[in-house]
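Enquirer: Chain residues, written in single-letter form:
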Amino acid sequence: MKKILLGNEAIVQGALEAGVEFVSAYPGTPSSEIGNIFGDIAKKHGVYFEFSPNEKTALEASIGASYSGLKCLVSMKHFGVNVASDALLPFAYTGTKGPTVVVVADDPSCWSSGQTEQNSRYFAHMGHIPVLEPSDAQEAKDYVKLGFQISEKFKVPVIVRITTRVAHQRMPVSIGAVKKANPKAKFVKDVKKFVTMPPRVLEMKDELLKKIEDIKRFYEDSSASIEKGKGSIGIITSGISYLYIKEVLNKLNISIPVLKLGFFYPLPEKKIKSFIKPLKKVLIVEELEGVLEKEVNVLAKEVNPKLKVQGKDLLPVSREFNVDIVGLAIGKFANKNYKLAKTTSIDLPKRFPRLCPECPYWFVFSAVKEIAPKGTIFGGGIGCYMLAGFPPHEIQDYLLCMGSSVGVAHGIKKAVGDKQKLITFMGDSSFFHAGIPAIINTVFNKSNPLIIIMDNRITAMTGHQPNPGMGKTGMWEDTTDLKIENIVKACGVKNVKVIDPQNINELKATIKDFINKKEVSVIVAKRICALWARRMKRRNK
Amino acid sequence: MGKENEAKKQMKNFNILIAGTGGQGLITLLQIVSEAAMIEGYDIKTAELHGLSQRGGSINTHIRLGKKVYSPLISSGAADLVISLENLEALRAAPFVSPKTKFLINCYSLPFVGTISEKEIDKKMNKLIKGKKYIISASEICKKELGKEVLSGVYLVSYASFKKILPIKPNSISKAIKKVIPKKYLDMNLKAFKLAQRDSK
Chain A
146 MKKILLGNEA IVQGALEAGV EFVSAYPGTP SSEIGNIFGD IAKKHGVYFE
196 FSPNEKTALE ASIGASYSGL KCLVSMKHFG VNVASDALLP FAYTGTKGPT
246 VVVVADDPSC WSSGQTEQNS RYFAHMGHIP VLEPSDAQEA KDYVKLGFQI
296 SEKFKVPVIV RITTRVAHQR MPVSIGAVKK ANPKAKFVKD VKKFVTMPPR
346 VLEMKDELLK KIEDIKRFYE DSSASIEKGK GSIGIITSGI SYLYIKEVLN
396 KLNISIPVLK LGFFYPLPEK KIKSFIKPLK KVLIVEELEG VLEKEVNVLA
446 KEVNPKLKVQ GKDLLPVSRE FNVDIVGLAI GKFANKNYKL AKTTSIDLPK
496 RFPRLCPECP YWFVFSAVKE IAPKGTIFGG GIGCYMLAGF PPHEIQDYLL
546 CMGSSVGVAH GIKKAVGDKQ KLITFMGDSS FFHAGIPAII NTVFNKSNPL
596 IIIMDNRITA MTGHQPNPGM GKTGMWEDTT DLKIENIVKA CGVKNVKVID
646 PQNINELKAT IKDFINKKEV SVIVAKRICA LWARRMKRRN K
Chain B
5 MGKENEAKKQ MKNFNILIAG TGGQGLITLL QIVSEAAMIE GYDIKTAELH
55 GLSQRGGSIN THIRLGKKVY SPLISSGAAD LVISLENLEA LRAAPFVSPK
105 TKFLINCYSL PFVGTISEKE IDKKMNKLIK GKKYIISASE ICKKELGKEV
155 LSGVYLVSYA SFKKILPIKP NSISKAIKKV IPKKYLDMNL KAFKLAQRDS
205 K
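Keeping their order, the protein sequence lines are chains A and B.
Numbered by my numbering, the letters in the first sequence go through residues 146 to 686 in order.
Numbered by my numbering, the letters in the second sequence go through residues 5 to 205 in order.
Quick look at which bits of chain B chain A covers, simulated, 3 or more residues with Cβ under 8 Å: (1) 36–42; (2) 46–54; (3) 126–137.
FYI, nobody ran anything at the bench for these hints, they're computed from the structure.
Here a beta-carbon is modelled for each residue, glycine too, at the ideal position from N, C-alpha and C.
Throw the hints in and build the complete structure from the sequences for me.
Expert: Shown next as structure tokens:
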């Protein structure tokens, strides 16, 4: 049976077919739907699911469950791996007990990412972590299952790396039987396996390197597909680019051998060597940095030193590909005329994303804009409140990553002192994710930004996921509702006020008062997201 | 039926671009068209965006159907049909438009700071659109007859099917609507479908 599935839905289906037992995630586009779906269906399948406060705690939750023997899936967006990497790298050393797959969603072209255009494949090399790269929704499902197999067989965590156009692509996907989860967890003490203390840690590294060699051999016999074709030139690719290549070859009506790699790390080197050996030149088609290209260059030195390896000389390092970008490159490479369609260019003003009507942030931004003295510096963070940077608000002078709106505010205030005022925004989810240590730093090391915590009672931007401040878990069970203001006070902040931003006069007066304080001050602007409020109303009807 | 299906599978891919702004229900439309295409035996690939790009900004979703489809994204100039839920947003399809591209546009404006005049939009439309163009007041019709502007998307997709500018039968569209739309809202969506049938005659 086939069903049209979104790439992320296919990942959930793959995990269920593999018999996943424990799932943890922090939401982030383009990975969010994986957690959303598990939140709704986990109970029905006997699976445990949680949204954790951040990607590191999500991964650590699954590490604990894996150590206790459960089959685990963790999902996050690319920046999430940066946060989780502190746990991810040693996890590769200890290895898994219950098989564990980590889904990482990159976002070439930064469609929904305000930080960098990160290529998470580099983590494979840094951490010696196997990486599989599906190109479509069907493969996304298949590779999650394959990932569990590899993890089970070799006792290492496996990354399934997707990109926006895989995560948010729909196609008919073959549906298999769901394996009923059968969680039988027991933590069996094994100091040699779970404690990464020297000198044992170095033995662990040796063991990991050996596992990677074994996996390499496993890959050689596995399903990375070679397509037959004529000629002395060939193409090597992986991930979404493969689909564009197929379109281009059809369009140009030419046949070039293509080696499509399902595995990015470790590379099936024998397979690549035998593919490039008879060729005069090869084109490596990969989005973002040319990692594969460098690897192929090294392998070519051994088997075919005269081989011309092309890639980033014909293809861009930044922004996602499409059929035309790949077509022009293949055209040049294969000496064929790839014709771009003639199109009419229409000059249009940009329609910026904006806050929803009735969003409580309207009140906060307008109050801040009115009250902040001229020259005030505005700190921005990740979430709906990053729209502060767009018209009509335009109050965002820096933006980096989760929690940094306060972390950087501290540094600026230490540097400039009282010569410049600073107001910085932080969402409720960012607060729990990475904001608390940054707030502690303002108290500990004595700076005085005005922090406005935009508490809209939900993680809104990524599609309304529960967070620790709202009294519901990822499976929508009741839990402790952590009060942000209590945590802020416990961090040592003395000037703290909770205000409903609709009380605009109180908000303005407090901003006026707090911005002149000698110590750090925090306003918790607390009002439920308008979209979420409407949805809750409908739900309760 | 069997023969017709075979003929369909032989044709080149058909590319539909749906344009609009975040919150207009584009992803639901994409689901309806894809499910309907699957009922008719097509292979399908689609592309959509979530998250930041959804917050009221401009959105394009791509639907490609045919015997075998690889890329989820439409190539430049390769759109066969553009369905736009808003006047100005239709123009943003420009990179995917050829002189053969057909347009079905909701005569409906969601103005924003810095937008251009209706006259200016018309001028640009005349410059861009050389193929067949249908401009329908779908939002107005749906608001007047069903009390809900947001049904305009389902109305337009159904209209495209009845007018045969979308190579999917109305019967498959209505089946897909029943599959995709939650029970609670099904009735009004089927009414929008019926309205499109009436108005396409």
